[in-house]
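Protein sequence lines, in the order shown, are assigned to chains A and B.
All residue numbers for the first sequence refer to full-length UniProt numbering, where the first residue is 1 and numbers rise by one.
All residue numbers for the second sequence refer to full-length UniProt numbering, where the first residue is 1 and numbers rise by one.
These are calculated hints, taken from the structure and not from any lab test.
Here a beta-carbon is modelled for each residue, glycine too, at the ideal position from N, C-alpha and C.
Take these hints with a grain of salt, some might be off.
[To be verified] In silico DSS-like cross-links for lysine-lysine, where the CA-CA straight-line distance does not exceed 25 Å: (1) B:LYS350 to A:LYS307; (2) B:LYS119 to A:LYS301; (3) B:LYS119 to B:LYS175; (4) A:LYS307 to B:LYS372.
[Claimed, not checked] Sample of chain B residues lacking proximity to chain A, with all beta carbon distances greater than 10 Å (derived): (5) ASN83; (6) SER103; (7) ILE312; (8) ALA315; (9) PHE333; (10) MET340; (11) ARG379.
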Amino acid sequence: MGCMAHTGMNNRSGKSSISSVVFHKLPAAETLYMESTARIQKDSLNSFMEFQVWDFPGQIDIFNNPSYSFDLDAIFGEVGALIWVIDALDDYSDSLNRLNMTAMHLSRSYPHITIEVLVHKIDSLTDDYRSEILKDVELRTLDELSDMGYENMPISFHLTSIYDHSIFEAFSKVIQKLIPRLGQLEAMLTSLCRTCRFEKAYLFDVNTKIYIASDSTPEDTTSYVICSDYVDVIIDLTEVYGSWARSAEWRNRLEGEPFSQPLEEQVGCEWAESVMVLSDSQRPIMLREVDRFLALVAIMKEGSYDKMAQINMNVDVVVKGLTEFFEITRAGEKSRVGLQDMVVGPQN
Amino acid sequence: MSDFEVGTVGAPAGGPGPGPAALAQLKKVKKQKVLLMGKSGSGKSSMRSIIFSNYVAKDTRRLGATIDIDLSHVKFLGNLTLNLWDCGGQEAFMENYLSQQRSHVFSNVGVLIYVFDIKSGEWERDLSTYVNIISALVQYSRDAQVFVLIHKMDLVARNHRETDFEAAVTAVKRKTAEACAIVRRLRLDTTTTDPSSSSSQTTLTSPHQQQQQQQPNSSSETTTTQELDIDVQYFATSIWDQSLYKAWASIIHDLVPNLPIIETQLASLGQAIDADEILLFERTSFLVVSKWTSQEGDNNPYGDRFERMSNILKAWKHTCSSFTGTPRNAEQFSDFEYRMGTSFSMFVTKFTTNTFILVCLPPGEARFNSAKLNVAAARPWFKYLDGPVVQPTGMPGTSQMYGMAGPGGYGGYSTMGESSGAGVGET
């Protein structure tokens, strides 16, 4: 039940494009044809947790609007994170001013909300220039806030573009802050990595390619990219070969001689399981679905394809653990208040 | 091009009867002259780089204009070489091809790929160049296959794509007929003794060509008017999606040597391992060389799945290449397994030296594992087909290899040696 709100100053800063790319799998190139958002739009995302995404059009000032009076409690009462999009290619001074206003407002009335600033549309910029802009935005925001007496605000900054994986990585970090007991998840993955000698393991939300947890080794974009593309490959193959119903005769034939078992008995695992061996130093990558929404993806150690059987057993155990984990947290979700407190916890 | 022999154009299917001669024929490296033409900036070199050199679509922005003709030899499978003539499209070059280099460029052409830019500002001019090119082609290489690619479809808004494509095709069709009419008139003027080699070629190759083209040729006479109509295949393409793979897979499909045999072998393999679908990919381009689908697999509603698989796997290769830091053209993965619960299982694995195989199976661990082993066991009979030119080591050896195919394998021979009923397996 995490909630997110997107806002940004400029009308063309790319908020709606971000939503479409991340939550609706629209190809980045297609966003060119999108119309600008004129109203507040609410999107809900059914995943392992329920997310609501509110898209605020750039031209509406929600705190200070003479013609409308917004029910701020209805909007922000349940929001866990506010995402503020800044167009890196544009003059963003105005946007920063409004960001500061909003941040101060939120910190007074809704201190549990974390603010995530996306410095967006960086695809055409050089690496040097990117970090320069990021530093500039960070400095100007934090300086101003501390001048006004707001220190240690829960605010973070990300460089993003819809044309590469950066937007998904940024969202991953945003979502991770909204997940109750993230530490437990990370601990499970870390211990799996240690036992099976994986290089890196991620727990992906399959629909959005956001990773909701990874093991405790340092973050590494290239590993994220290959794992998330692997999820893509699996999704595509599943669509082509797994999304249509086979005939009854087909099933009857398969369940007859020589196996004489129902199909459910013939398979080893009810969810998707997959492994790909890279030619380079024979490094396998494995994927295992945990449930309808989540998949575990890991980069394995070179040459460990032969030990797949053992690894699968270990993965089985972790998958079982993850399933239990989500059963418990989902049950806990019904008492909403508790969850909100937990989301706030780390930031204060 | 001096070593280009007309006799090999129609290669295996119509080759001489069975026996050692046929086997030698099977292993002969087939060469095909492929002309890639179209206006400057229409995207010829870009698509070539994507298909054969594993460029990513956005990397093609770095390519400069092609000057004159960029000749490249692409080894496709073990026994097919594509002599790819990437012809720079600037007007000065085009005129040159049509005048001074006319016979050099247009003789012995196996395939002409003509690329139109859908967003070109000067459509009429493009069409008139096309007419000139087609008439030159018909004059020098009567039997060349023509593929027209309406390119850069990504620049057209999605809901207009179909109508724009249809409009372009209609225009090009009209111009093709016009080009044929021009040549027809020329033929009638100059009457009989046509000195160009084209007439003799036609008589030589027409029996083979008949199988490859839907359009029937009368094999004896070349100057009758109605047969001058050429058969053109049209594709809407874009380097940003799978449409490029669809077009190129059909282009190379007819060129692959020994195709009937490969297809029969694939079918018997598919039946043996109880698969739903088998696709055979060329190693570097990941174009679908051959495919087999079971009756149940035919119910698959995704008609575009073949080019889609090429696209998915090639995109995956790019990801791997940036992850491992190995060159784009290197082989990136050797094995892939995927079991989707009670829905299906599949694997993709390196098959022969030049191919990868994708097998889609019904679910079940036992079925999956035995299929993997069986596919590995079947490697030798395909290796022989796409391997480099090797002298056959007498009949016993070869028949033994084919013996592994079971009855289906023998069937393959009798379909290819059509002039006689005797299959090789019987010797």
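Hints, one by one, checked against the model:
1. Restraint check for LYS350 (chain B) and LYS307 (chain A): satisfied, since their Cα atoms lie roughly 20 Å apart, inside the 25 Å limit.
2. Of the supplied pair hints, the one linking LYS119 (chain B) and LYS301 (chain A) is violated, its CA atoms being roughly 49 Å apart against a limit of 25 Å.
3. Taken as a hint, the LYS119 (chain B) and LYS175 (chain B) pair is honoured in the structure, with Cα atoms around 18 Å apart against an allowance of 25 Å.
4. Restraint check for LYS307 (chain A) and LYS372 (chain B): the C-alpha separation of about 17 Å stays at or below 25 Å, so the hint holds.
5. Once the 10 Å rule is applied to beta carbons, ASN83 (chain B) is consistent with being away from chain A; the minimum gap is 29 Å.
6. With 10 Å as the threshold on Cβ separation, the claim that SER103 (chain B) sits away from chain A holds: the shortest Cβ distance comes to roughly 43 Å.
7. Interface exclusion of ILE312 (chain B) from chain A breaks down, the closest Cβ pair being 5 Å apart, not more than 10 Å.
8. The Cβ of ALA315 (chain B) sits about 7 Å from the closest Cβ of chain A, inside the 10 Å cut-off, so the non-interface label is violated.
9. The beta carbon of PHE333 (chain B) sits about 5 Å from the closest Cβ of chain A, which is not more than 10 Å, so the claim that it is off the interface is violated.
10. Not every CB of chain A lies more than 10 Å from the CB of MET340 (chain B), the least distance being 5 Å, so the non-interface label is violated.
11. Every CB of chain A is more than 10 Å from the CB of ARG379 (chain B) (nearest about 17 Å), matching its label as outside the interface.
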